[in-house]
Amino acid sequence: MIRDLRTFSRRHLPLLLLAAAAVTLTGCFDHSLYPQSTLSPKGDYAEMVDSLFQTTVWYATVVFILVEGGLLWAIYKFRGKPDDAEPKQVHGSTTVEIIWTIIPALVLAVVAVPTVKTIFDTAKVPTASPDGSQPLKVEVIGHQWWWEFRYPELGITTANQLHVPIGRTVDLRMKTVDVLHSFWIPQFAGKRDVFPNRETRLWFTAKATGEYPGACAEFCGIQHGRMDFYVMVNTPEEFTAWVAQRQADSTLAPTGLPKAPAPAATDSVGVATVPVAADTAAPVVLAAADPKVAEGQALFSAKGCIGCHSLNSVGAPKGMLGPNLAGIGTRKMIAGGWLPNSDENLHRWIKTPQAVKEGVLMQVPEMTDAEVDALVAYLRTKQ
Amino acid sequence: MATTALEHTHVAKRSTLVEWLTTVDHKKIGILYGASAFLFFLIGGIEALIIRAQLARPDSTLVSPEFYNQLFTMHGTTMIFLGVMPLSAMFFNFFIPLLIGARDVAFPRLNAMSLWVFMLGGLFMNASFLLNAAPNGGWFGYAPLSSRQYSPGLNMDFWVIGLQILGIASLAAGVNFFTTILNMRARGMTLMRMPMFVWTTLITQILVLLSFPAITVALIMLMADRTYGSSFFSIGGGGDPMLWQHLFWVFGHPEVYILILPAFGIISEILPVFSRKPLFGYSAMVFSSAFIAFLGFGVWSHHMFSTGMGPLADTFFSLATMLIAIPTGVKIFNWIGTLWGGSLQFKTPMLFALGFIAMFIIGGLSGVMHSVAPADLQQTDTYFVVAHFHYVLFGGSIFALTAGAYYWWPKMFGTMLSETIGKWHFWLMLAGFNLTFFPMHFAGLLGMPRRIYAYPAGLGFEMFNVMATAGAFLLAFSILVFMYNMWVSARRGVPAPADPWGGATLEWTIPSPPQEWNFTDEPVVAERDPVWGMKRAAGVRTLPEPTRSSGQGIHLPGPSWWPLVVSVGILIFFIGFMVKKSWAFPFGPITIAGFLLTAIGIFKWAYEAPDANAPKH
Chain A
1 MIRDLRTFSR RHLPLLLLAA AAVTLTGCFD HSLYPQSTLS PKGDYAEMVD
51 SLFQTTVWYA TVVFILVEGG LLWAIYKFRG KPDDAEPKQV HGSTTVEIIW
101 TIIPALVLAV VAVPTVKTIF DTAKVPTASP DGSQPLKVEV IGHQWWWEFR
151 YPELGITTAN QLHVPIGRTV DLRMKTVDVL HSFWIPQFAG KRDVFPNRET
201 RLWFTAKATG EYPGACAEFC GIQHGRMDFY VMVNTPEEFT AWVAQRQADS
251 TLAPTGLPKA PAPAATDSVG VATVPVAADT AAPVVLAAAD PKVAEGQALF
301 SAKGCIGCHS LNSVGAPKGM LGPNLAGIGT RKMIAGGWLP NSDENLHRWI
351 KTPQAVKEGV LMQVPEMTDA EVDALVAYLR TKQ
Chain B
1 MATTALEHTH VAKRSTLVEW LTTVDHKKIG ILYGASAFLF FLIGGIEALI
51 IRAQLARPDS TLVSPEFYNQ LFTMHGTTMI FLGVMPLSAM FFNFFIPLLI
101 GARDVAFPRL NAMSLWVFML GGLFMNASFL LNAAPNGGWF GYAPLSSRQY
151 SPGLNMDFWV IGLQILGIAS LAAGVNFFTT ILNMRARGMT LMRMPMFVWT
201 TLITQILVLL SFPAITVALI MLMADRTYGS SFFSIGGGGD PMLWQHLFWV
251 FGHPEVYILI LPAFGIISEI LPVFSRKPLF GYSAMVFSSA FIAFLGFGVW
301 SHHMFSTGMG PLADTFFSLA TMLIAIPTGV KIFNWIGTLW GGSLQFKTPM
351 LFALGFIAMF IIGGLSGVMH SVAPADLQQT DTYFVVAHFH YVLFGGSIFA
401 LTAGAYYWWP KMFGTMLSET IGKWHFWLML AGFNLTFFPM HFAGLLGMPR
451 RIYAYPAGLG FEMFNVMATA GAFLLAFSIL VFMYNMWVSA RRGVPAPADP
501 WGGATLEWTI PSPPQEWNFT DEPVVAERDP VWGMKRAAGV RTLPEPTRSS
551 GQGIHLPGPS WWPLVVSVGI LIFFIGFMVK KSWAFPFGPI TIAGFLLTAI
601 GIFKWAYEAP DANAPKH
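The listed protein sequences correspond, in order, to chains A and B. Here the first sequence stands for residues 1 to 383, where the numbers follow the numbering used here. Here the second sequence stands for residues 1 to 617, where the numbers follow the numbering used here.
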């Protein structure tokens, strides 16, 4: 019985192990539990990388089983007793050594071919999407510790939540305004670092709608751990609607009412060093239906929020210190793409940013809970 | 005078403390290296445990983000520069002269200086914790985050200056062991008769001598940027952050081999002895080590695939990296070939050596996965990489260093370590190690970036992190078992014979622990594995126990204070660059004082007779 088992395992153990490894890598993961996984690609770039990785894993698994198996076999087979006679003294074998130099070289050569092919395939930013449409240009700008996204062709700006249409290639041109960061959406593409003095490129084409988390992958200071973002892959219709909504930001009142004339006072909070010209020049609405919203709107200027944050997606000034807040009312996350966007969290974030995200660069003046609530109510209207 | 009180061969009335502070004996220096490196290793381990405790749960707030960043920066820096490198240096110091049949290293006082500079540099860097200003920019110190603008505190000053000091220790030791191995070998020990550990040590020193200048230059430039406002790495003045990455990794990749080649050597000493069979393919082992070291200088940019260097550069560094797998594979196969047909004796050193091979294979394979550049774009800066390099640096280097510790402990201290406790140590460490680091492969592939102080719930990282944390504490427990073993051995260990394992190399022909002059009669070597040859010629399995001699007529260099003085001078000199300067001249009084102390120390050292203070015979 035991001998049977031993023979069985001797014959079939490698196969069983191989199967176990395969199951572990592909089968037993319920991919929906791992939204940031590199193993469930949802775009063409990531699919190329994943298939290359899977190939490598297979070779590695076979090599692993053979070599570890050989090691264990040698340990088992040649176990000795202290008083055994001296074993045969072998100093080497040129033939054997040449063989085990050549075989790994061949295996590596087999891996090298698809590697080089994929390097060149992924390096080229496509000039057209798979469906023939023009790729969507997006400028990615890294900040300590949030991401800015600009759509130069659409004239809109957003932050920490990137919207893209399904099936259309996205052509990313990336920079940073401070230290190095690395832009990473595991389900769409590999990482790409961003530099202050040169533009780096990355691209992907999303194949499934949904919400996909991304993260900064290059250590960038105290809040590197909280520099996340989301990619929203929309249907073309949803995307068009979203773009229209963003483009309409500056012409809509918070409640959807037509805008009232601009007020006179724009520079009451002493933020003259920040380029806020575009914002302050834009018409600001006083006539909100809800008095709390109106109070929040006033506070947004009075407490200096407007010094760093633009609420306009269109014509948003470059060089703003804080993330663009257009559409903040319905964003999935706040505080750099990781804190769920509930009223309670938003309140805590505005009131005590240092407690929520130690070291964050946002400066807020002292505010009462009522004032913060008013600001939250106002920001909620920014759909 | 001749004395038979051989434990106290320093005849002059020197206190124990003075004796150790002024020693130039390579064995004492080795023990000091080992003791201080082990202490730093424990500090680095505690840092790791706090990191693991923090990551046990999502959105954890056990430590602050700032402290977390200090912890992982210091964990990496400590384990590399204050743990693995000086633990290897312990074996270089204690055993290279013994393995080549020499009475000391080529430059005994320079050797002492290396030790003190290392120790002071390590203490200096850790002292930053007392100021709550430990380095926090990562062990790689990428610009522009490491610039004064983005790291205004003293944190990165401690890092820049600490590494600069440690670099001096490494370079001095590199010169010393390079010279020692090339010039001080016993008669008859040709290069191709050297024990494999001597070969890998020689190659390691070449790597040190060629790669440390790159980091030294980079650190001087960074220090100038931080202290004098130059712009080597900041774009404001026309500098380029990429320059730092290239300089750092031109050093950083050879550094990987500086950490692993001594481990290869230790394993290549242990396997033959416990297989009772010579190393399989000695020449191939020598040339593969050299080839690995050579290629190690041509692959640095595989740490930088994500910077977007372009497809040609990616292809070059991808293929060059794959090439390294070939000589590394040859090593693994030759080790298995050494076992093949042997009579394996599963003593604790052998268990750790076998554990090394098994774990290193895993680290090697994940290394090949990283060489596949497009796949690396997904894996770099994730926990997959953390898993990979712990399999080579812990599963590799630390397992090998532990194997070496069990193997050579009897020679160093004259008592045996307990085999029973040793086996507990091995199995606990193997289990704890794999439980800690294997799940990290999955965490990384499932998207968990490195160096994050917290991760949100809902991304599926929880289970793997719980496993890793549990494993880390098991691993820490195994280190406690090791410490208990050392304590038992020191208290009531069985006295070790000269040759407890049936060794093949010269250190086993002399008493345990060795006398200060190592070899009473200088050995003559006629073949590889010379001691096996002697035994075979005499027809015995163990040579008769050597007698302790009076050492009459043997001249050894005398103790000296000057290496320690010079080391203190170097430390003060560098600290001067940290102090905020309120004077126009770039060097402040502290720097000048340190410079003067160093200069005086070197002058006095140069004019001190080599055997001043030496015991007279």
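Calculated directly from the structure, the hints in this document are not laboratory data. A quick note: this is a predicted structure, and the numbers were derived from the prediction, not measured. Worth double-checking, as some hints may not be accurate.
Stated by the list, open to error - Calculated lysine-lysine pairs in the BS3-like style (CA-CA distance at most 25 Å, straight line):
1. A:K81 <-> B:K535
2. B:K604 <-> A:K77
3. A:K88 <-> B:K535
4. A:K81 <-> B:K423
5. B:K604 <-> A:K81
6. A:K77 <-> B:K347
7. B:K423 <-> A:K88
8. A:K292 <-> A:K303
9. B:K423 <-> B:K347
10. A:K88 <-> A:K117
11. A:K382 <-> A:K351
query: For this structure, which hints from the list above don't hold up?
result: Numbers 2, 5, 7, 10, in rising order.
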